Amino acid sequence: MTVTDESGVLCRVPMRWGDMDPYGHVNNVEVVRLLEEARIAALGVPVGTGDQVEPPLIPFFSALPEGTQALITENRIKYLRPLEYRNTPVEVRVWVVSARGGALTLGFEITDAISRRACVRAETQLAFFVPATGTVLRISAEQQELLAPHGGARVFR
1 MTVTDESGVL
11 CRVPMRWGDM
21 DPYGHVNNVE
31 VVRLLEEARI
41 AALGVPVGTG
51 DQVEPPLIPF
61 FSALPEGTQA
71 LITENRIKYL
81 RPLEYRNTPV
91 EVRVWVVSAR
101 GGALTLGFEI
111 TDAISRRACV
121 RAETQLAFFV
131 PATGTVLRIS
141 AEQQELLAPH
151 GGARVFR
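By the working numbering, the letter at position 95 of the sequence shown is numbered 95, and the numbering carries on one by one without gaps.
Careful, some of the hints might be misleading.
Pair by pair, the computed Cβ-Cβ distance ranges are [what the hints assert, rightly or not]:
no. : residue 1 : residue 2 : range
1   : 67        : 154       : 30 to 36 Å
2   : 62        : 84        : 30 to 36 Å
3   : 18        : 75        : 19 to 25 Å
4   : 102       : 16        : 30 to 36 Å
5   : 74        : 16        : 22 to 28 Å
6   : 16        : 140       : 34 to 40 Å
7   : 153       : 102       : 19 to 25 Å
8   : 20        : 55        : 28 to 34 Å
9   : 16        : 75        : 18 to 24 Å
10  : 73        : 16        : 36 to 42 Å
11  : 36        : 156       : 16 to 22 Å
12  : 148       : 84        : 34 to 40 Å
Hints in this document: simulated from the structure, not taken from any laboratory.
These numbers were taken from a predicted model, which means no experiment stands behind them.
A virtual CB, placed ideally from N, CA and C, is assigned to each residue, including glycine.
Given the sequences, and given the hints that come with them, work out the whole structure.
This is the structure in structure tokens:
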């Protein structure tokens with residue numbers, strides 16, 4: 001899959017010198033951190049977990065009820081080529097693959113800012129848990145409407 005239709009939103013996420021492994025590539029664990037930072041830039045800070053200074057590109061997390069936990073239920077990552085450390089942010093495109101029931105699935109593509117080549121493609125599935133009631137929060141019609149303009153294709157079939 002190639003993200004040629006410019007679906008979703010584009011986030012620029014800084015790399016850190018310490019993200020490198022001994023081979024000069026960004027370590028696979030740090031790739032997951034880059035995905036997390038892009039997810040927060042795209043959807044916002046989950047309610048009650050930090051201060052949202054920069055507005056999110058898609059204000060989804062702020063639309064959740066107070067106390068709702070955004071939990072990762074699955075990560076799938078395909079490493080296409082090494083992501084080399086650069087002292088410039090990587091570009092991470094984030095789009096909505098699916099938003100129904102109690103699950104939100106996001107697609108990601110990390111692109112090297114210098115070579116302009118995709119290095120990583122991934123999908124992350126989230127569920128929204130309400131500890132006070134012990135239930136999974138279903139994604140409402142209004143929330144689906146908010147996410148709909150940012151939809152794109154699945155990364156994995």
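Hint check:
no.: 1; hint: 67 to 154: 30 to 36 Å; in the structure: holds, 31 Å
no.: 2; hint: 62 to 84: 30 to 36 Å; in the structure: holds, 35 Å
no.: 3; hint: 18 to 75: 19 to 25 Å; in the structure: holds, 21 Å
no.: 4; hint: 102 to 16: 30 to 36 Å; in the structure: holds, 34 Å
no.: 5; hint: 74 to 16: 22 to 28 Å; in the structure: holds, 26 Å
no.: 6; hint: 16 to 140: 34 to 40 Å; in the structure: holds, 37 Å
no.: 7; hint: 153 to 102: 19 to 25 Å; in the structure: holds, 22 Å
no.: 8; hint: 20 to 55: 28 to 34 Å; in the structure: holds, 31 Å
no.: 9; hint: 16 to 75: 18 to 24 Å; in the structure: holds, 20 Å
no.: 10; hint: 73 to 16: 36 to 42 Å; in the structure: violated, 27 Å
no.: 11; hint: 36 to 156: 16 to 22 Å; in the structure: holds, 19 Å
no.: 12; hint: 148 to 84: 34 to 40 Å; in the structure: holds, 36 Å
Violated hints amount to a single one, hint 10; each of the other numbered hints is respected by the structure.
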